[in-house]
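> The lines below spell out each chain.
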Amino acid sequence: MSSYSYAAPTSVDEAVEVLATNAASGQRTQCLAGGTDVLVQMSSVDREPRLLVDVKHIEETNAIDIGNNEIYIGAAIPSAILNENEELKALLPGLIESADLIGSTQIQGRASIGGNLCNSSPAGDTIPALIAVGAQCVIAGPDGTREVATEDFITGVGTNCMSDSEFLLGLKIPRPGARTSDAYLRFIPRTEMDIAVAGAGVALTLDENGVCTAARVSIGAVAPTALLVQEAADALIGTNVDDVALQAAADACSAAASPISDKRGTVVYRRKVVGVLCKRAGAIARDRASA
Amino acid sequence: MAKVHVTTSVNNQPQEFLCEPQESLLNCLRDEINLTGTKEGCATGDCGACSVLVDGRLVCSCLMLGVEAEGKEVTTIEGIAEPDGLHVIQQKFLEHAALQCGICTPGFIVAAKALLDKHKDPDEETIRYWLAGNLCRCTGYDKIIRAVQDAAKELAA
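First to last, the protein sequences are chains A and B. First residue of the first sequence: 1, per my numbering; consecutive thereafter. First residue of the second sequence: 1, per my numbering; consecutive thereafter.
Next up, chain B with everything else stripped away, as it sits in the complex:
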């Protein structure tokens, strides 16, 4: 079958791309529209490195077809920063050294953004459960949790 034409919105910008019907949204983002901030870890929905928001809801872009993005609003890590600089969550990840190799970081930041959009003042348990679908093999998670807690505090201030 010929490629499918998809019209969507990515980071508040209209986007069109062509893709094979079985191609994942992750591959479409990376290979068709050159947004390579979203990472592939496992490609089976276990690691969360490919996390994006679709119509505001956190999903694994490896488990969604590119064609399913038709008419949707997609937010990737490239859409998280503010016009005048880093988003608070990004800044806190830097301050708390909540990353080492960085492959999981875009997914964690997008997931943390979805969390703080929904829960303004999450306790540690809520944060840990919310981020349970994001795997990090470097940090041991603790610094990530501290960064998200600090970001929540600053966003609430």
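With the rest of the complex left out, here is chain A:
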């Protein structure tokens, strides 16, 4: 393709057709939601012309549906809108905080959870939070829609499981029941507007006695992709999520991490900090669940 082009389909079928036609012609396609990653890449590391498919004009990418069993968040909803939704903030405080951590007020006016996921950076803040709450990615393609667990969506640094003729429609999250909550924490060297050195998301459920009956723990920025750490969840389940259990979960996170050393942090530092973040996020999720 010698020049850029732009399409703004208004339905899932139209979008899939545009994507499939362009993929069949051998030309490059990139979906555009808030554009806060795409436009930066277009003007720096990746100037190759392509078809930009704006997915913001489709009903399903803009919907928020808080059902009795399931919560649906459209892929193109900007963080600012999520943050203005008090019901979502009460139900999924950790996930919404993770979206709120990304960028300035200006960035939040455009950047979406779906875009953060599709950009598939190892350091994407919403990704561990999505994995922790058990989000399923709803992907539209020529054969209809399919669902993939968030931990299986990203396949490597900047890559994911979608083909050129597919796009992310939204995220389905089980509605948290009683005594269930989540938290996400990341470490950055200043108070905001930076990229995570390490991050940890924890979602858990307590019974009437404060014993943890279900947990999911995910870590970010310490491996090529965000990871679901089953050993950390196992360390919490069956406990009161006390300091001993949290330390065991933290140790499991440090063990599961396979970080790199770069300007943001060393391997040793990231491995330690991700455990600390797991411990602190676990305590916040516990306190929220028992509130």
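Hints may contain errors.
[Claimed, not checked] Below, computed lysine to aspartate or glutamate pairings styled on DMTMM-like, alpha-carbon distance capped at 25 Å: (1) Lys89(A) x Glu70(B); (2) Lys120(B) x Glu87(A); (3) Lys72(B) x Glu14(A); (4) Lys118(B) x Glu86(A); (5) Lys153(B) x Asp123(B); (6) Lys56(A) x Glu70(B); (7) Lys89(A) x Asp117(B).
Since the hints were derived computationally from the structure, they do not count as laboratory data.
Once you have looked at the hints, place chain B on chain A.
Relative to the frame of chain A, chain B by itself:
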């Protein structure tokens, strides 16, 4: 590909322009419709100099395509002043000397307008966090914060 025809509204005026699909809204504002009040600082969404409102929401115009403005309401620094003179925020920036070189100022004023449209009585922390995406290398920020606080007080009066 041929240029795309975009029909939009800028500062409550209908606007049409032609642009390349990959052209930023910032460049379209400056080069296609000659509204040069909106500044380019970093062009990567870090500095906020290019801040505009799109359908009332604060965004970096360097991180939005011109073609995405189709059917939208865009407000730039040129649309902030009142018919009979400066907006209170602009006046307070002058009174508090909240600018030196002036490159960041349009972005700060548009961002402050978005803040005061949403929060009538923001505390200092709220103002500082809201404006964290606007960088100023001259003032040290303090005068800007004072100007916004004073504007909020006057707007509430």
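> Could you work out which of the previously given hints the structure breaks and list their numbers from low to high?
Failing hint: just 1.
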